[in-house]
Amino acid sequence: MADLGSACLLLALAVCAYGIGASLYGVRRGRPEFSESGRRAVYALAGILTVAFVVLEVAFLRNDFAFNTVADTSSRTTPAFYRAAAVWSSQEGSLLLWAWLLSLWASLALFLTRKRMRDVAAYATAILLGFGGFFVSLMVFYATPFATTRPAPVEGAGLDPLLRFPTMMIHPPMLYSGYTLCTIPLAFGMGALLARRVDADWIRATRRFAFAAWLFLGMGILLGARWSYSELGWGGYWGWDAVENASLMPWLTGTAFLHSLMIQEKRGMLKVWNVSLVLATGTLAIMGTFLVRSGILNSIHAFGGATLGVPFVTLIGVLIAGSIYLVVSRRDMLRSEHRLDSLLSRESIFLANNLVLVGLCFVIFWGTYFPLISEALTGREASVGPPWFDRYTVPLALVLVLLSGIGPVIAWRRATLANARRHFLLPAGCALLTLLVLLAAGIQEKPFAIAMFCCGAFVFGSIGGEFFRGARARRAMAHEAVPVALLALVRRNRRRYGGYIVHIGMAVLFIGVAASSSFQHASELGLSPGQSTRVGAYSIRYVRPTATITPKYDAAHTGSTLSLGAVLDVSKHGHHVATLRPSEGYYASEEASQGSVGSLIGGQPVSHVSMDAGLSRDVWTAIEPDIETPTLQKIVSVGNRTLPPEDAVVAIGYLARAYLQHPPQAQFHFIVSPLVMWIWVGGLIVFGGGLIAIWPAPSVVRSRVRTRLRARAAHGLARA
Amino acid sequence: MSLLAAVLIAALLAGVVFVVSAPLRVARRPPEPDSAARDELEVAREAKYREIRDAELDYRTGKLSREDYEAVDGALRAEALEILKRLED
Numbered sequence: 000m001a002d003l004g005s006a007c008l009l010l011a012l013a014v015c016a017y018g019i020g021a022s023l024y025g026v027r028r029g030r031p032e033f034s035e036s037g038r039r040a041v042y043a044l045a046g047i048l049t050v051a052f053v054v055l056e057v058a059f060l061r062n063d064f065a066f067n068t069v070a071d072t073s074s075r076t077t078p079a080f081y082r083a084a085a086v087w088s089s090q091e092g093s094l095l096l097w098a099w100l101l102s103l104w105a106s107l108a109l110f111l112t113r114k115r116m117r118d119v120a121a122y123a124t125a126i127l128l129g130f131g132g133f134f135v136s137l138m139v140f141y142a143t144p145f146a147t148t149r150p151a152p153v154e155g156a157g158l159d160p161l162l163r164f165p166t167m168m169i170h171p172p173m174l175y176s177g178y179t180l181c182t183i184p185l186a187f188g189m190g191a192l193l194a195r196r197v198d199a200d201w202i203r204a205t206r207r208f209a210f211a212a213w214l215f216l217g218m219g220i221l222l223g224a225r226w227s228y229s230e231l232g233w234g235g236y237w238g239w240d241a242v243e244n245a246s247l248m249p250w251l252t253g254t255a256f257l258h259s260l261m262i263q264e265k266r267g268m269l270k271v272w273n274v275s276l277v278l279a280t281g282t283l284a285i286m287g288t289f290l291v292r293s294g295i296l297n298s299i300h301a302f303g304g305a306t307l308g309v310p311f312v313t314l315i316g317v318l319i320a321g322s323i324y325l326v327v328s329r330r331d332m333l334r335s336e337h338r339l340d341s342l343l344s345r346e347s348i349f350l351a352n353n354l355v356l357v358g359l360c361f362v363i364f365w366g367t368y369f370p371l372i373s374e375a376l377t378g379r380e381a382s383v384g385p386p387w388f389d390r391y392t393v394p395l396a397l398v399l400v401l402l403s404g405i406g407p408v409i410a411w412r413r414a415t416l417a418n419a420r421r422h423f424l425l426p427a428g429c430a431l432l433t434l435l436v437l438l439a440a441g442i443q444e445k446p447f448a449i450a451m452f453c454c455g456a457f458v459f460g461s462i463g464g465e466f467f468r469g470a471r472a473r474r475a476m477a478h479e480a481v482p483v484a485l486l487a488l489v490r491r492n493r494r495r496y497g498g499y500i501v502h503i504g505m506a507v508l509f510i511g512v513a514a515s516s517s518f519q520h521a522s523e524l525g526l527s528p529g530q531s532t533r534v535g536a537y538s539i540r541y542v543r544p545t546a547t548i549t550p551k552y553d554a555a556h557t558g559s560t561l562s563l564g565a566v567l568d569v570s571k572h573g574h575h576v577a578t579l580r581p582s583e584g585y586y587a588s589e590e591a592s593q594g595s596v597g598s599l600i601g602g603q604p605v606s607h608v609s610m611d612a613g614l615s616r617d618v619w620t621a622i623e624p625d626i627e628t629p630t631l632q633k634i635v636s637v638g639n640r641t642l643p644p645e646d647a648v649v650a651i652g653y654l655a656r657a658y659l660q661h662p663p664q665a666q667f668h669f670i671v672s673p674l675v676m677w678i679w680v681g682g683l684i685v686f687g688g689g690l691i692a693i694w695p696a697p698s699v700v701r702s703r704v705r706t707r708l709r710a711r712a713a714h715g716l717a718r719a
Numbered sequence: 000m001s002l003l004a005a006v007l008i009a010a011l012l013a014g015v016v017f018v019v020s021a022p023l024r025v026a027r028r029p030p031e032p033d034s035a036a037r038d039e040l041e042v043a044r045e046a047k048y049r050e051i052r053d054a055e056l057d058y059r060t061g062k063l064s065r066e067d068y069e070a071v072d073g074a075l076r077a078e079a080l081e082i083l084k085r086l087e088d
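These protein sequences, in sequence, are chains A and B.
Counting from 1, position 605 in the first sequence corresponds to residue 604 in numbering that gives the first Met the number 0; the numbering is continuous, with no gaps.
Counting from 1, position 47 in the second sequence corresponds to residue 46 in numbering that gives the first Met the number 0; the numbering is continuous, with no gaps.
Simulated from the structure, these hints should not be mistaken for laboratory data.
Keep in mind that a hint or two might mislead.
[Stated by the list, open to error] Partial selection, computed: residues in chain B whose CB lies under 7 Å from chain A:
| no. | residue |
| --- | --- |
| 1 | VAL19 |
| 2 | ASP53 |
| 3 | GLY61 |
Just so it is clear, CB atoms sit at the ideal spot from N, CA and C, and this is done for glycine as well.
The whole structure should be built from the sequences, with the hints applied where relevant.
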């Protein structure tokens, strides 16, 4: 079946080349049948890549180690659940996933716009096929997922244990969906510039895709943070890692675009800004993929080989140069149709929000890429750490949260100071009350965290007031009960109120970040069974060690051979709170030099975190057992000398028993963090609000509104 | 290459050619009149309607004073009518 996969890639490349040529010929020569044929080439690409993806997925599920990718990233001992996800853990598989998702989203976008903007869509088709062709070329010439070795190895290397975590099943597809969706507004934006049709039509056509990109990217980022917190043994959810930053940057510019596009739709303003944001978002999405796949980074998230750097840099260079040329050459057509009516208007707040978001993106861009550029020029490794990022991003985040509370209470076009003052009373009161409560509770240090709590309270007051006033207005008109009025309000104004819910979710998320990062208690120390320590208000006692031998499949489906851990008793003021069981998994390695027993546990050890998560705080624990003691090492060395590989697991049994009978001191990492749960809750609220905002309004309602507004407009004409 | 793979590749190739060439196989249609200007106006009309609705909601939720609302609403309706006129022309 590898032949079928390889043939699919060659066919996909040919289809991309044909589709680009047909689309451009069709639009330049006024031959719509060729543009239509080019559009169908995108559908064909989606079909071909679906077949290729299925071929690779089946190879993983059937343990077909003749495929080099399967042999490198899977094994018979890898649980089936993770074998299915192992496709995108490899360089080759992830490139295929990227191209496949791109073809699916592009097909959907072009299908939905098949009867509109034919000239813009034809250019967009060529650009999207250009992206598709680029990624297919990488698979054909640099990293083919269908390379085989005969005879096939009997066993594979297995999936990286760090990736054996449920969210890893959906984190990469979410992130890649976000990245690939970012290219759709980019393609249509470039198409609009090429076709010289820079009105709001292309924005309207791709608005939902921009929103979907934002939503998927955001969820992908959040799932990655959750993985980092729950799986990696360092206890954090965000480390300003270059790959994390790479996914955050297009999300930030995408957020700015989602706000500023409303100004172009309503007022015909900010055309240069919007098209620049779209082009920047798409380019940053490609740069994000470049960081992960080019091999220039040494990161837990980076999986690439060094061979892909040059093609990616070339693509990014073409994108940047092309974007600048298009915007500069079309600057006359991109002039604003109106000016700001008032500085006190929602447009102004959106502009401020855009500046803060782009400022955040710039800071992160500088902190991420400057060390790479510096290293490339000087040859010296350089990096900036979390304190550098925090210094600039924390104040900007505060302003952003505050603006997300100010914007909703300011009217479009112009707002009077008196009305604004009246609407600010409730949010300002909430912020002030929060400040007083915090000060009364003795929380006076950590000014940035306190400021974030107050800004969050401001947002709750502001959005709560908006819902209240909206429901009251609705009730006055329709005489509905409060819940019905609220539902009708949201249903009839999905974008507005969905957006407000997103603001609430972001405020909740930022409060969780501020609280957990500023007020956490952490401790790293060695404990023997029976010993206790205090972490914040909690007492943690090491009750007893644990050991589990899992030669094939363990209960947690992680695939580790041996797992050593501890039972911990967590109490507060003498009352039992939770029993936690952190452990460390030891995996088999491929290195025969480690001996028959040593190789069974010689792979990368992986920490399995145990925590008691709650609404007010998380108690997070990780263990690093000591298996280098003379007693345990003696068992391994004797086993290596005397036991053949098929019996080596017997020595692992002895090792586990010895560990339980004479447990050495183990290293523990304890963290008590307040309000971490609210980060994930905030993310879910954002997701819910995003879905509401993106969901199409019922066509019946839409047409009814249209009819009524037409009548009103006609009435207005009569009045005039 | 196995026979099955060869058959599947041939079927895929035939399918792709069939799908992609379909618009080229039908008789050439006369070029459709350019509807770009009309599309643009329709987008502007929809946006204007939405703006009128948003202004009304802003007024009803107390964000716009009556005077401001009347001024904004009047301007928006005039703009909407201008778009409707251009659409009718």
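- Hint numbers not upheld by this structure, sorted from lowest to highest: none
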